[in-house]
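Asks: Generate coordinates for the entire structure from the input sequences, incorporating the hints supplied.
Residue numbers (our numbering), protein chains in the order written: chain Z, 1 to 190; chain P, 1 to 202.
Fair warning: there could be bad hints in the mix.
[Claimed, not checked] As a list, the in silico EDC-like pairs of lysine to aspartate or glutamate whose alpha-carbon atoms are at most 20 Å apart:
| id | chain 1 | residue 1 | chain 2 | residue 2 |
| --- | --- | --- | --- | --- |
| 1 | P | Lys126 | P | Asp154 |
| 2 | P | Lys126 | P | Asp184 |
| 3 | P | Lys126 | Z | Asp173 |
| 4 | P | Lys126 | P | Glu189 |
| 5 | P | Lys126 | Z | Asp108 |
| 6 | P | Lys126 | P | Asp163 |
What the hints contain is simulated information worked out from the structure, not anything from laboratory work.
Since the model is a prediction, treat every value here as computed from it, not as a measurement.
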Amino acid sequence: MTPAPDGHRRRRHAEAPAEQTFADLMNGFSLDSGRRKVRRVAPPPRTNPREESPSVAHEDWPTIADEPLAPAAPIPPAASIVRAYAYTGGRTRSNVNLEIETLVSANDQAHQSAGMLQAEHQQIIELCRAPRSVAEVAALMRIPLGVAKVLLGDLAERGLVDVHLTATSAGGDMPDLGLMERVLSGLRRL
Amino acid sequence: MDYVGSRFPDYGPPGRDLTSAKVVVAGGFGVGKSTFIRSIVEGDLLTCAALPPERAGAVTKLVRIEFGRLWLDPGLALHLFVAPQWQTPQAGWNDVVRGAVGAVVLLDIMRPADSVDAIRYFEDHKIPYVIALNNLHAHPRGDVAGVLHAMGIDPIVPIVNCDPRYRHLVRQTLIALAEHAKLDRWRREPGPGDTTPLAPVC
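Replies: Dropping the structure here:
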């Protein structure tokens, strides 16, 4: 029995779907609720006609990790879209309503429990020692805005960052007169 | 304090009451949007990337949004965003524009057509805006008023001269915008508890 060439051929098969468009991949990430789910649920029902080989565990990898590489090449290295959305488990939306200018700041609880968080959350907590806006977090972490919103939403739901008010917090699409007045007098003082 | 928009209202009060506001800066290519922001904010401009909102076809490119921030008082941060240049200009402005105090449209009087899209967008969405004439490429073109009139700009829109390289001119432009936005807001819905904003408050 020669598992090596077999495994090699199979891997090549697995790479065939890599020819799909990048849009297919993105849709896969955003419509489904995450790659974790895909990984855990999808492989068992897949009926594999061939016998198991050591390379089975690696069979999934090309579709998830390697596929974006070719189309992602022209994108600036700091912001590979798919890699960034992997931080969020493929989620593109957050339950917490965050605007791009909403200020967030880490609270005491965050500093205490920082050691237990995943790396990206820790970085955000570190950044948010001073109040920062969502856009700033995205820019400084070099992640897309949507990813920053999801990660900050996670932290807000756990009560680790405070989400401060902004113009649309009250519901309307426009800032109220009080805020405008404050902006005006602030500008005059500059 | 109640945090609207969150499912968990009991985060506890923050140490300080913080809030933020934003202003959008729009205009044609090379008219000085980034310069405008750079001359007034603290530090350098930051760039964040966003997915284009309308995901038709393959997503191959992130859109870059430039912005800067300054603290107007210890609890109020003002953000200035460059309205990003999408292929279809206004396709993704909603996220950037929603909740903005107003917009500054930089206009090069030699190339007024470049800023028309922005003006039309703000008029359609009822965002108060001011027109800042950028005199970088100053040219004795006499009939500025004629050009603006021909563009059909509402006479209540303030027109200011602004060379975006100078901080005091940028500041004046922003003050003009804030005053205009306040008046505009008050005109639209003079709330029962609101006092008239016409009196200058310093």
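Asks: Decide, hint by hint, whether the structure agrees.
Replies: Against the structure, the hints come out as follows:
{"no.": "1", "hint": "P:Lys126 / P:Asp154", "verdict": "holds, 12 Å"}
{"no.": "2", "hint": "P:Lys126 / P:Asp184", "verdict": "holds, 10 Å"}
{"no.": "3", "hint": "P:Lys126 / Z:Asp173", "verdict": "holds, 11 Å"}
{"no.": "4", "hint": "P:Lys126 / P:Glu189", "verdict": "holds, 13 Å"}
{"no.": "5", "hint": "P:Lys126 / Z:Asp108", "verdict": "violated, 41 Å"}
{"no.": "6", "hint": "P:Lys126 / P:Asp163", "verdict": "violated, 26 Å"}
Hint compliance for this structure: hints 5 and 6 are not met, and every other hint is.
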